[in-house]
Amino acid sequence: MSNLIETREGLVRLLLTPQALKPLAERKPKPCVFYNPEASLNRDVAVLAVRVFSRRKGGDLRVCDPLAGCGVRSIRFLVEGVGVKEAVINDLNPNAVEFIRVNLEANGLSEKAMVFNLDARELLLRRDIRQDGFDLVDVDPFGSPAPFIQPALLSLKRGGVLAVTSTDTASLSGRYPRTCLRRYWSKPLKTEYYPEVAVRILLGFIARNCTMLNRGLKPLFSHRTTQYIRVYIETIRGTIAADKTLDKIGYLNHCFNCLYRRFTVLGEEIASSCPNCGSRLELAGPLWIGEIFDVEFCNQMVAEYENSHLTDDRELGRLIETIASESSGDVTYYIIDELASFLKVSPPSKNAVLEKLREMGYNASPTHFNGKGFRTNAPLKEILNGLSDITRSLKPTL
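Count the sequence shown with the numbering used here and you get residues 1 to 398, in order.
Certain hints may be false.
Said to hold, decoys possible - Pairs of lysine-lysine residues, derived as BS3-like cross-links and limited to a Cα-Cα distance of at most 30 Å, are as follows:
{"hint": "1", "residue 1": "K381", "residue 2": "K356"}
{"hint": "2", "residue 1": "K112", "residue 2": "K157"}
{"hint": "3", "residue 1": "K57", "residue 2": "K187"}
By construction, these hints were calculated from the structure, which means they are not laboratory data.
Source: prediction; values computed, not measured.
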């Protein structure tokens with residue numbers, strides 16, 4: 001290969017064509033191998049998650065990157081992920097496979113990886129490749145991950161971790177509801193907290209695939225940016241775990257008139273009208289109604305970040321610290337501007353709202369899903385009372 005440019009991401013060297021290093025919108029014609037520098041935050045988080053998982057399992061991880069592009073994700077796992085002994089790296093594009101080999105060699109890792117040029121689903125289902133199973137499979141497609149979920153689950157060891165990216169945010173968020181129904185068997189709903197609904201639809205889809213295989217799941221970490229949503233789940237084998245997972249699949253009921261929301265489990269009678277104001281309740285689901293974060297795992301992610309080579313990345317630090325703070329909070333979040341609009345008052349600051357709710361005896365934390373959002377265990381009526389008190393106290397007295 002000639003005319004390659006060297007760049008760096010994390011601790012790894014990457015050799016790519018000039019076209020592959022241009023901003024995505026300027027890549028005409030399309031480069032022969034895909035690399036998205038804008039997704040480096042996604043990969044930074046993944047490196048921390050691999051390090052936490054490896055320490056939990058005692059190292060010697062075998063990881064799989066079935067949709068690898070230029071291979072940067074799995075190469076970073078080998079270099080920066082503590083205790084990763086081998087990576088299986090695959091892409092359907094033969095040009096990408098050539099670049100994977102070049103970049104493995106550039107980082108002195110050719111002996112620690114197996115490289116394939118297969119359909120991702122074939123790779124994941126081939127017993128001679130997966131052997132006794134992967135400790136971690138990272139599914140990072142362009143678009144919907146739905147076609148790859150069941151093959152990925154089948155390829156995991158007992159207790160293995162599945163990491164999934166979806167850039168299919170338009171359908172998951174409710175812009176294209178029929179597309180979401182086709183791909184994920186779930187009805188979306190464009191609420192003010194739609195990014196969390198999107199995460200829950202994706203988790204619900206993965207959960208239903210797990211139960212079909214007599215497996216359960218435990219969400220470890222979830223996050224979103226404007227381009228994608230991302231989830232990490234630990235799998236648990238057996239019908240008991242599968243049945244417990246079924247109990248965490250249900251529906252979201254939302255009132256667009258008064259902002260009331262609640263979850264109902266599968267089989268529970270779903271009310272058609274809001275108990276607060278009598279307006280029609282809108283429905284989303286089936287989706288995941290359990291926790292979307294594991295508190296211990298999130299705190300370990302923060303500790304790993306603070307002791308890693310990534311501490312200069314403040315965007316990464318803010319993200320995982322905010323997620324750790326919200327990980328023990330209630331399901332769904334509220335947007336201050338939406339609440340203020342409902343009350344017909346000017347929106348107070350987020351800090352003022354958080355302090356007021358804590359003063360009232362409730363838990364309250366910011367959320368990474370929205371800069372003006374917060375989680376709390378306070379009932380909606382109490383939240384509105386708190387906001388009203390804040391705005392009254394801010395009014396000038398004559």
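Against the structure, the hints come out as follows:
{"no.": "1", "hint": "K381 / K356", "in the structure": "holds (14 Å)"}
{"no.": "2", "hint": "K112 / K157", "in the structure": "holds (19 Å)"}
{"no.": "3", "hint": "K57 / K187", "in the structure": "violated (37 Å)"}
In this structure, the one hint that does not hold is number 3.
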